[in-house]
Amino acid sequence: MAGRRIADLVTTKVLGIDVNERYSNLPPNLESRARDVLGSAHAYLEEEPSVAEFFDDLAPDWAGVVEYVQDLFPSASWIRRYNMRWLAGDMISGVTIGLVVIPQALAYASLAHLPPAYGLYTSFTGAALYWMFGTSKDIAIGTTAVGSLLVGQVVTRVDDAAPGRYSADETARALSLLSGAVLLFVGLFRLGWIIEFIPYIPISAFVTSASITIMSTQVPTALGIPDINTREPPYRVIINTLRSLPNVHLDAAIGLSAIVLLFAIGNFCSMMEARQPAQKRLWNFISSLRLTFTMLLFTLISFLVHRTMPPAETKFRIVGHIEQGFREARVPQPDVGLIKAILPELPAVAIILVIGHIAIAKAMGRLYSYTINPSQEVVALGAANLLSPFVGGYVCTGSFGASAVLSKAGARSPLAGLFGAGVLVLTLYTLTAVFYYIPKAALAGLIIHAVCNLLTPPRKLYKYWQLSPLELLVWVVSVMFAIFISLEASIYSGVLLSFVFLLTRIARTRGTFLGRVRVQRVAGGKCLRPDEDGLCASRKVFLPLDGVFVYRLNEGYNYTNQAYHMDTLNKHVMEHTKRMSAEHFEKESDRLWNDPGPRVYREDTEALPYLRAVVLDFAAVNHVDVTSVQGLIDLRNLLDSYSSPDAVEWHFANVHNRWTRRALAAAGFGYPTSQNPMEMSNWKPLYSIAATLTGMKSAGVANGQHRADTDVDEEKTTGSRTPGSRTASADSTYSAKRTASGSSSSSTQDRGMASVSGVNRPFFHVDLQDAVDSAVLDARSKDENLL
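Anchor point for the sequence shown: position 354 equals 354 in the UniProt record's numbering, and the numbering is continuous, going up by one each time.
It is worth saying that the hints were derived from the structure and are not from the lab. Some clues are possibly wrong.
[As the list claims (entries may be wrong)] Distance condition first, Cα-Cα at most 27 Å in a straight line; then the derived DSSO-like pairs of lysine-lysine:
#	residue 1	residue 2
1	Lys578	Lys782
2	Lys782	Lys684
3	Lys315	Lys362
4	Lys463	Lys578
5	Lys362	Lys571
6	Lys408	Lys340
7	Lys280	Lys340
8	Lys578	Lys684
9	Lys571	Lys463
10	Lys463	Lys362
[Claimed, not checked] Restraint ranges, calculated between C-beta atoms of paired labels, are given here:
#	residue 1	residue 2	range
11	Ala666	Asp783	30 to 38 Å
12	Ala433	Tyr368	46 to 54 Å
13	Asp160	Ala252	28 to 36 Å
14	Val260	Thr156	29 to 37 Å
15	Ala607	Ile633	29 to 37 Å
16	Ala740	Tyr368	55 to 63 Å
Source: prediction; values computed, not measured. Quick reminder that beta carbons are idealized off the backbone N, C-alpha and C, glycines included.
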């Protein structure tokens, strides 16, 4: 205590800061008047939270550190319970997903401007690592069409900036390494919540845009059209492809027939699933393997066509030689120039990798009734991308198609991916000779078929229109940017427009002025809550009186919307009240240039009430900033001048955050501020009191164990513990009632009662009814004394 006094003295003398300045405005008899009203009930004095307490809440304890380490390796919690039934399901699903991923990986590598084997390397790292760090049993990490396209675009831009200096392989490895490092940092520091700032609509638009871009680049390959520059914007690629249609080669027969076959098998299996529900799993399994079947079929056709031909001569373009095993495994060593060239592209790539993966993980969790940890998913994704360049791969993320196959194949745990990785290793060491004859047109057809499912269907666009027309506009703009400029422009424009609309809505959110309403509850023509006489009981939703204005902030209160709210409140109050005393200027020229003068006389002017009180409902407000509080101060000063010599009372309802109450109290709100004895005599304190725990010291509630954060209903409520609040007990039951000046509360039934909010801040109320009753009580007192 002595140290605190010395610190306060130094602060006052050296820095000129009086830490007790706001307490000097408190009425000197505030506590004694509260005790007169409360009678035998205990008066609770609210203590302000300290800055030290704020940092104590942020500091982790040992239990938190242990929990963090356990969460970092979720596999440790379930691997001890692993059993043979899980093993059977994981092996079957792992082998299935391995067979599905192989043709996809070979095809998608071409989008990244890399040899087909790089797709297999990439899929291996995701499958081999995810089981250790992931929190979903149904996620398959590997190559994706969108991720591969992003890599291809980065490779192109780096090569344009430094022609011939960096190979596509070096650029892809460096991009994966940097992406993995960023994602691992975000995951380890548990910053996965940041992705919630990216709205859904720009991502939906990006996926559609990427699908259009991918198809525009693969159609020339599927048709065998040479000399099409696929690095240009999609609209230019589409135009050039249409102009070159007369130059199609034999590849078109392979590409078009592959697309037709894939769609035919998929549609046939869907039809059979509907006709034979009992065999649904079988038909779904056949449908999932249609990619593998199509690739083997056209590889066999290509082998039969080219087996007797010299290697230099081919009827159509084929993949060619693929080295066996992990021949490209090495430590990536990007130089500073390469890193600088990649950094501008890194944010878009990292965002798309994370958003796509988390969206798939959440969808699978909802489908199978389990929850995922977004930050831990980012750890798994970061680790996979960090390891990928060491074995020869590039960026990887969750694949929706592969994940759907994995879940439907019966995966029982994340370990299923490890068996898929085993299939990929076996393929790299035993089947590379078969891959030599794969037609490139067939791979292009496979890609086109896969990304068609990513296009947003018209019925979903119509749903966007029904839900939010403005967001549909964001979607259209984003897609247009992708088609005519680039994919990066698409994602950035979509996110920027979404933020603009969000900030506009926050800044211009409307408040609500509430009025007198009495309601009854009925159903089926019968009263739900009859009173003792059998009549339908009514209750007051709100009790405003003339001169008492109640304003509800519907969507928070912060620096972006404080000016709008304060202006709305000021105008409404001025229009519906009259001045307490006439304005006085020695000369009319003393009036400010922007003051139009007294209101034009109307017949109803004299009927308007005087301004007595403002009640603010802060139920939707959890935090205030300096700007928003300053707006309240400025409006209070303006209204005090308008109501002079009277002082306007400011009552606040539902201020549940202790730091918000502290900020408002520091600005002079929460208690009577007038030093006029007449004003203080008009003030009629009103408090809500509640029963404390039986057999427990009632003083415990008044001494700060029970805080105003406790939810107290007018009839009966159970105290609940929330972060940052303290209550007498987690299962305490309070029966609340109100007591005010002039009413007796010293009866025996008030023993063991305590005020539910701080008597040192009587203008902070537990609910809106309390706030309005208190304001109305004081307004009536002032009106009676005025008469």
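Hint-by-hint comparison with the structure:
1. Lys578 x Lys782: holds, 15 Å
2. Lys782 x Lys684: holds, 10 Å
3. Lys315 x Lys362: violated, 46 Å
4. Lys463 x Lys578: violated, 50 Å
5. Lys362 x Lys571: violated, 47 Å
6. Lys408 x Lys340: Not OK: lysine 408 and lysine 340 at ~43 Å, beyond 27 Å, violated.
7. Lys280 x Lys340: violated, 52 Å
8. Lys578 x Lys684: holds, 24 Å
9. Lys571 x Lys463: Violated - the C-alpha atoms of lysine 463 and lysine 571 are around 39 Å apart, more than 27 Å.
10. Lys463 x Lys362: At roughly 21 Å apart (the allowed maximum being 27 Å), lysine 362 and lysine 463 satisfy the hint.
11. Ala666 x Asp783: 30 to 38 Å: Because 32 Å falls inside the window, the suggested range holds.
12. Ala433 x Tyr368: 46 to 54 Å: violated, 39 Å
13. Asp160 x Ala252: 28 to 36 Å: Holds - the Cβ-Cβ distance for aspartate 160 and alanine 252, about 30 Å, lies within 28 to 36 Å.
14. Val260 x Thr156: 29 to 37 Å: Since valine 260 and threonine 156 have Cβ atoms about 31 Å apart, the given range 29 to 37 Å holds.
15. Ala607 x Ile633: 29 to 37 Å: Since alanine 607 and isoleucine 633 have Cβ atoms about 31 Å apart, the given range 29 to 37 Å holds.
16. Ala740 x Tyr368: 55 to 63 Å: holds, 56 Å
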